[in-house]
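Enquirer: Each chain, written out:
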Amino acid sequence: MSSSAPERLDLPGPRREVSGRLPWMLVLPAVAGLVFLVLPLAGLLIRAPWPTLLERLAEPQVLEALRLSLVSATVATVVCLLLGVPLAWLLARVEFPGRRLVRALVTVPLVLPPVVGGVALLLVLGRRGLVGQWLEASFGITLPFTTAGVIVAEAFVAMPFLVISVEGALRGADRRFEEAAATLGASRWTVFRRVTLPMVMPGVVAGAVLCWARALGEFGATITFAGNFPGTTRTMPLAVYLALETEPEAAIVLSLVLLAVSVVILASLRDRWVSAP
Amino acid sequence: MSSSAPERLDLPGPRREVSGRLPWMLVLPAVAGLVFLVLPLAGLLIRAPWPTLLERLAEPQVLEALRLSLVSATVATVVCLLLGVPLAWLLARVEFPGRRLVRALVTVPLVLPPVVGGVALLLVLGRRGLVGQWLEASFGITLPFTTAGVIVAEAFVAMPFLVISVEGALRGADRRFEEAAATLGASRWTVFRRVTLPMVMPGVVAGAVLCWARALGEFGATITFAGNFPGTTRTMPLAVYLALETEPEAAIVLSLVLLAVSVVILASLRDRWVSAP
Amino acid sequence: MTLRARLVVNRPAFTLDLDLHVAAGEVVALLGPNGAGKTTALRALAGLTRMSGGQISLRGRPLHTLPAESRPIGMVFQDYLLFPHLSALDNVAFGPRCQGVSKAESRRAAAALLERVGLAGRASARPAQLSGGQAQRVALARALAVRPELLLLDEPLAALDAHTRLEVRSRLRRHLADFDGATVLVTHDPLDAMVLADRLIVIEHGAIVQQGAPAEVARRPRTDYVARLVGLNLYRGTADGGRVKVGELLLHTCEQFDGPAFVAFPPAAVALYRSRPDGSPRNLWRATIDGIERHGDNVRVHLDGPVTAFADITPAAVADLDLTPGQRIWASVKATETHAYPA
Amino acid sequence: MTLRARLVVNRPAFTLDLDLHVAAGEVVALLGPNGAGKTTALRALAGLTRMSGGQISLRGRPLHTLPAESRPIGMVFQDYLLFPHLSALDNVAFGPRCQGVSKAESRRAAAALLERVGLAGRASARPAQLSGGQAQRVALARALAVRPELLLLDEPLAALDAHTRLEVRSRLRRHLADFDGATVLVTHDPLDAMVLADRLIVIEHGAIVQQGAPAEVARRPRTDYVARLVGLNLYRGTADGGRVKVGELLLHTCEQFDGPAFVAFPPAAVALYRSRPDGSPRNLWRATIDGIERHGDNVRVHLDGPVTAFADITPAAVADLDLTPGQRIWASVKATETHAYPA
Amino acid sequence: GSGATSPASEAASGGDAKEVTVFAAASLTGTFTELGKAFEAAHPGTTVRFNFGSSATLAQQLVQGAPADVFAAASPATMKTVTDAALAGAPVTFVRNKLRIAVPADNPAQVDELKDLADPEVKVALCAEQVPCGAAAARALAAAGLKVTPVTLEQDVKATLTKVRLGEVDAALVYATDVIASDGKVTGIEFPEADQAINDYPIATLAKAPAGEAARQFVDLVLSRQGRDVLTEAGFEAP
Ligand SMILES: Nc1ncnc2c1ncn2[C@@H]1O[C@H](COP(=O)(O)OP(=O)(O)OP(=O)(O)O)[C@@H](O)[C@H]1O
Ligand SMILES: Nc1ncnc2c1ncn2[C@@H]1O[C@H](COP(=O)(O)OP(=O)(O)OP(=O)(O)O)[C@@H](O)[C@H]1O
Ligand SMILES: [Mg+2]
Ligand SMILES: [Mg+2]
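Residue numbers (this note's numbering), protein chains in the order written: chain C, 1 to 277; chain B, 278 to 554; chain P, 555 to 897; chain Y, 898 to 1240; chain Z, 1241 to 1479.
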């Protein structure tokens, strides 16, 4: 026996996990949660006017809104990454007085109804706003009614998602690797860039996905702050809302387009990023 | 010298960090991000009608809406935790065909404009909806226009935040601790409950905070699916919406109340939870 | 036989293929250089690494079809893996709790085990507050707490200081003696292996290269790795009566046989001379000094030449001979200290 | 003096207070039982643990005012802490990169260092794909790559197998010999300490209990921990000429002096008898056998009685005397093997 | 709370209706709340519960089976969605709303009449054509033969008004009621073409109104002299 050729294991099923049976205590609620999230989508799919769908998709206005949505959500996510990851680092790694309050303040745009968020942005960055006045006088920059305004509104609403996800990831990361990097002469910036950031990359990706998705679906703050004009500020959610006023079927089609595009993008991107480290 | 009494270190500043100077490459964008998130709040504060604020706060309708908001957001968060944490576990720990697609589908409620989300919920859970019909016929349960409906709408919109945060935390966690638990005879359920969950608690807390805050600010899906009845379904964001119709100043006051309450709750809760492990 | 296993694990640049038979109450030590596959073998036994083939049976029941949590094993990991959110006591009580023992009873048992490893006073400490060795001892207690039928230890004593090590080693030895299941122990320390194990299995590159009783392995190493482990110079050659030809060199030995052979002699048996000696030692060759290092109370000299060898000499001899690296020198070993055995 | 430090760290249940002076080119080994504070002392030197007091100066410049990244140190951690997202090569190249060396140049230097620790073939492996000992060697290379003035090693050889250990130890020794900075090394292995260090510092409970040249410490241990480390039986008593009173027992020694004294003798010097012997040994007492374990080629017998002691005897002697735990027996040591020195 | 069953079905199960559920356009929030109080005073024991929202959302809810007694919409189009589904009886127009040019109190662009809006220097906000105020604005501009390029097409009239209140735009076309509700922060300018673009507000009782009789009584109140006074005071015009 001890010199027999290695035998193949006769295991039940092709993908049997080493660590045992799946616990129904977890699988049951997980499936329930999934159904809860996906079922309403089924409702939309059933109601969608399939015959006219293709023809509607060909409308240039739809493509324009879609393009604008994707571009502005992506740029907003980049802005959020540039500002939000450092902010998360500050909250997770630096002790300063009032940190608890600051951490709670970061969630403000989440709690604020988006329309009020838009009003608040107007009060600050609008033509007569605190900072907006000065921006216009000094640099000739006006944000409302421009694509830049859409990005600002989306970034404002979506950034908390990024900050909170990344902060959670940073707190969960083993700080001793950062210590090891420090003994190798790495400044805090280098530590952040070459050790901390790569190690919390799954958290950053998760946060960026949340942020991007939230920006893509943003409606209230965008229309309030940036307005709604085809080509410059009318993103898909705005088009959907207006369609809802007159023909709900069209709104469903537009929503499905938005969903399909985002699901395809997320499904093709996330696993590659997430499984990297 | 070698036998001198231990001398106190003469360090500059009271809280000097061991690991060196703060890198401006991080602090600068962090502060910029913070200002960006908090400045609009300042705009609201400046515009708020302070003299009438207190008297408005005493209105029973405001307190009612606030109570309803807090209760429904909290119940929705509990629902999301019960369903969403297992779902996150499924996505992070179990290999199954189509996992990538499922992971992308989880973000659907994020991308869907909330009003369309509300319509979708009506299509499925409404009185004439796919599941709603059956719920009413079999159990006499109707969800639209009830507080339960508010909770359903909020949970639908907020759950992706929880799922994605927790999944990120799970992927970041060291799986070898789970292996160690398995060798000690722990079933996957026990491993989850006693090892995985405590280790990713910061991630779960971050997710729950996001989820709660998002549920608290939820407007579009709620008004569409649950309507806007004082006492049962009129949460603060709906009250803000109506106030915008009649007196915009009142809307700002109501928003500030919502913000103040949530900031106080988050500031008092989160650090305690987060610093536990 | 309690444990009969054939472990096959294929990895891109590595294949493990071992037969492992451990009797009830027997302690088998797995030795081997870094990367030999010792940890992989333990993980396969525990059900943590999927086997590409083979099978495991414990007391006649198949084990490889069970998930890790249903295998009656206790395991101590190379880097402890104590649960960071639980106190030392709760780490140890974890296993019994999973087996359905009541909370109070589990904690009592855990406290008793912590006492046995000398950590009664640190029961409430979190792993992050324990020193390396304390953590290792808690991990040991945690594995013992499940009363396993098969105990797997991945370098259980590596992080312990000499003092504690001695104590924990002899306690572990006593526990293993009481223990009627099989034990597989991975260690780098030949002393641990000699003291704790009834049998040694030496693996290199995923395959067994030598096994046997500790004394047998120590006397007759069959690979360079084992020879260094037990502190012998080892060569492979061809025996022809009382002489073994190793490369250019002809070594005289006590044993008489023909055919492929190993020859071994201890570094302490090597004598060094500045000029060619006219004495009785039959085995004499010219060598170059490659390096000199302190080794315990003696000095170990690395020799290059027709064979590479270590020689252990006293510091006084180093001074007398005025040895320096690069120097040419004569080395000799008496035939009576040179042992040959069939390869 | 290159390094002069007074390290004070206060923790709730632990205080570290050490004076540490290391000359240029000197290697100091920090020994001590688990939890003595060795890692804490290294972390304080590296700037990773805040000191409650004291100061550090290296080549006359104050070090304790610098953040960790500005201190010219290299450190090997007890549990490696290799960056999981970088290959072995990039882990080693990390330090030079931080010092502003170009990418290509850093990688060349890193490849050379990996070669030196025998891991040229695993340069592109991620830490998760390395075995324990491979990881340790990469960590060593990573610390050497920054060309530090002060090298801090927290058990750098603990996870290496005996074979590799010998090689890496002698390479490390050569590197330390070339190295003109100060080295502080934490180890549990007396052999590592003896081979690598010019001076030993033994700490217990956060304070120095003994220091000196390895041979001196080995000959004249001053605490139980050190005695076990170097393999001696040690007692404290009062000397009165050539005799030392240890509790009830009077031990005769070669040395002559008065006052508080330590007495030490090796386990191998203890002879055991079934009945009271009528011989020359002057030091004789009645003992109980507390335990017996294999110890290398010999057997170590644990004795209880007026003094607790270890005796090393041959397996043949065990068979002759038919020793069993619990048995009463006579133990003796010759006065010539019993050394006393002032306490 | 009382969340398990909807307020309307509670009323229905009570047999003798004690509760009237009114779905009303958000622009009716102020006036209908006042009328509700008056109704409750006149019919002791009966309560009126309002569900204010965008007319389109309300119509959607009704089509999906929402239990309601009365629907007051801000446009005939949304009412039509409901009547087409055979959910409501014949609707009656109870008020009309006329457009005004709204400018910030300091009128920075010196706008006095409709054709000033065509000046490219003037930033104008209009409602989107999909919502009633946008449709009305389009009709008015068409009647005047003007081509106006707005900077934004808002989703509802309040959002349009907000832009004027905060001075983000120089002018906008909104309803007279909105100007009156703005408490002087916005100035309203009447213009003759507004007569071509009047918006009708229809009201109807729903076919399966659980409150039956009480629902009709509420509609009667809205159409009564008393109702008309409350509505015209807020800026609405009688049909
Ligand atoms: N997760 C992994 N993926 C790929 N290769 C791996 C992985 N883990 C280990 N290996 C490789 O498998 C081989 C065996 O590794 P293993 O950890 O079993 O060695 P070991 O004998 O325990 O060594 P050590 O004494 O250093 O702990 C090594 O070549 C190692 O590089
Ligand atoms: N983060 C911490 N918080 C509180 N106590 C700690 C912490 N880290 C270590 N200790 C305690 O400080 C003491 C010294 O620990 P240290 O790690 O320096 O010991 P050590 O000499 O390195 O031991 P070992 O040989 O086991 O590694 C121990 O009692 C330990 O329990
Ligand atoms: Mg290993
Ligand atoms: Mg240590």
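None of these hints come from the bench; they were simulated from the model. Any given hint could turn out to be false.
Unchecked claim - A few chain B residues that face chain P, going by a derived Cβ cut-off under 8 Å, partial list only:
id, residue
1, Ala-459
2, Leu-461
3, Ser-464
4, Val-472
Note that the Cβ used here is the ideal one computed from N, Cα and C, for glycine as well.
Enquirer: Against each hint, give a clear statement of whether it holds in the structure.
Expert: Hints, verified against the model:
| no. | hint | in the structure |
| --- | --- | --- |
| 1 | Ala-459 | 4 Å, holds |
| 2 | Leu-461 | 4 Å, holds |
| 3 | Ser-464 | 5 Å, holds |
| 4 | Val-472 | 6 Å, holds |
The structure meets every hint from the earlier list without exception.
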